[in-house]
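**Q** We have chain F already, so just place chain R on it with the hints.
Each chain, letter by letter, is given below.
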Amino acid sequence: MPRTSRRNLLFGTAAVSAGALLTACTSNEPRNAAPGTDDAVGNAPADDKPGAPVTIGFAGPQADHGWLNAINENAKRRAEKYSEVTLEITEGSNDTAAQIGQIQTLINKKVDVLVILPADGKALTQVGLQAMKAGIPVINLDRVFASPQAYRCWIGGDNYGMGLNAGRYIGEQLKDKPGAKVVELAGLDNLELTKQRTQGFDDALKNYPNITKVARQAAEFTVESGQAKMAQLLQAQQRFDALWNHDDDQGVGALRAIQQAGRDDFLMVGGAGAKSAMDAIKAGDGVLKATVLYPPTMAASAIDLARALGQKKGVGGMSELEIPASITLYSAVVTKENVDEYLPTGFN
Amino acid sequence: MTQPAPVTTAEPPAGTSGDRPPLGLRADVRNLSLLGVLAVLIAVGGITRPDQFLDTSNLQLVLTQASVIGVVTVGMTFVITSGGIDLSVGAIVALASVWATTVATQEYGFAGILFTAVVVGLGCGLVNGVLIAYGGMVPFIATLAMLASARGLALQITEGRTQIVTVQSVLDLGVPDAYVLGVPPLVLVFAAVTVVGWLLLNRTTFGRRTVAVGGNAEAARLAGIDVRRQRLYLYLLSGLCCGIAAFLLIVLAGSGQNTNGNLYELDAIAAAIIGGTLLSGGRGTIVGSVLGVLVFTTITNIFALNNLQSDVQQIAKGAIIVAAVLVQRRTARGTGEA
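So the sequences go chain by chain: F and R. Quick note on our numbering: the first sequence kicks off at 1 and runs consecutively. Quick note on our numbering: the second sequence kicks off at 1001 and runs consecutively.
So that you can see chain F by itself, here it is in the shape it has in the complex (with noise of 0.2 Å):
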């Protein structure tokens, strides 16, 4: 879209001004558009010749949040790079009976894989089962099924290990020092994953006995709601020496209220790996000094794995001649020293 006319429709009358405005009000694209999600991992998949066709289910959650844009981009991009491989997506949904139907939906079209990131493991097992039973694999990406009847192969994140490498991380900068208070802005309550993250940070700090943690107070995942609940927790606790945050994109109202309350006198630690966090890393002039990561690169390696089990082949590099029964990601901590190899991952 060029930018220059509907600047020049601008100087037009009011009504068409106004109209013209908010036109180009929908546009997102950025200046620069940074590679961003860009198919971020190089590592070449096993096999990069095509093979025998795939067609290959896709079913998520909605995209309401910059990681579940991030892992429906990677998955299609992914896709897009085999000639032989068919990706049949659907619409996302974080009702638990839409996402059912959706399924069944593809069970019926008789897709060779499906790749399923349930919004609710618990509560979509019963598909996952009927998938299998069907004699269609499934690869259960993130979120886990209640019963590994459910799938043939999980992977995903390690939100244990991102609460343990946030502790570790943080522990290691202050165990020096006496009397060490730390604070935590933690995710959603009522999922699972919370719970995990912060029973890993909690384990990883009870290595180091100098340090307490003071205050714990937990959002939504959104801008709104890190900004509201970090100008509290600032308020709470004039003073500390680190903060862990578990989501960077509510991370982004954290920083915002801590620039409002003027503080810095603390570290702070991220997680998930969204591009501003990175970037505001790299730039090493604020309180935020590294972030965990939770990558969506996940969900191109499900379609790896996805293709190479409708293909009935391995991994390559691996002896085995089967794809394995589950992946666990490692939460790599991002720091100022390895930004710039973990930057084309950052999602926006």
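Rather than coming from a laboratory, the hints here were simulated on the basis of the structure. Worth double-checking, as some hints may not be accurate.
[To be verified] To spell it out: a stretch of chain F is covered by chain R in this simulated footprint if at least three of its residues, at any positions, have a beta carbon under 8 Å from a beta carbon of chain R; those stretches are:
{"hint": "1", "region": "56-70"}
{"hint": "2", "region": "215-222"}
{"hint": "3", "region": "228-236"}
Backbone N, C-alpha and C define an ideal beta-carbon position, used for all residues, glycine too.
**A** The following block gives chain R in isolation, referenced to the frame of chain F:
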């Protein structure tokens, strides 16, 4: 809901006789058991966190956090007073905030963001108003449809991404440097909207017509009020408030996200109802609504200061709603109202 709605109309429908309450605030103060609740909360806050709660920076924080939802609640109070409901306020805030923070909009700077937020709010209000006033749709359904479509459009515009604001003049409005005599600009906007809302409801023909339509729409029509046009204006007003609130939220959070304004509709309705506005229409109080917002914000603040978790906060919120409404009905009967 035990009393018939029309009885509570304090003034004659057309309201041309200049029959104002002797004291401007009388109608509002009548139901202010909430002032007591607020006083108790302030005492609790002061006792549990004496070092923090009454600190200037904390009071600034409480008022700032009340501002966004407060502006929405003022608009909501008008709609409920007229016997309507607006379930789409949270979604309109979301849509206005993401539309106003797209890369293209930010090119036009401060004015572009403010203009877009307000125009989108007004546009949504216009659609609501036309559907309800001239399309004959029930407010509950029309605004429910707006809730769904505005949230969907907000999601479509952002594709789930967080749109970070880079316009410095907008960001500057949300930091302490911009405070006027210690008052954050957001709070000033909230105060201004409150004063204008109070004057509009209590001191103008528009306000009297709003109460009349809510008390008995047919009687209002017979008294010569253009009920349809009045309803259209009321939803426009609510949309305008959402647009202003969206701008405040952009200043506060420094970004636009499709999840913005989540559940604002319920918070705004709850604040208005515990403030003393009748859900069946015919009586509304801006002062009560603002106190309702302050009560909720103060609870959140006290709980956060004492490091209590969100589940406890939600339970307390529910209890406060029930208690406030029960106390209100009791005092209303006790003073022999109507």
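**Q** With reference to the structure, classify each hint as holding or not holding.
**A** Now for the hints, and whether the structure bears them out:
1. 56-70: holds (count 7)
2. 215-222: holds (count 7)
3. 228-236: holds (count 7)
In terms of the numbered hints stated before, the structure departs from none.
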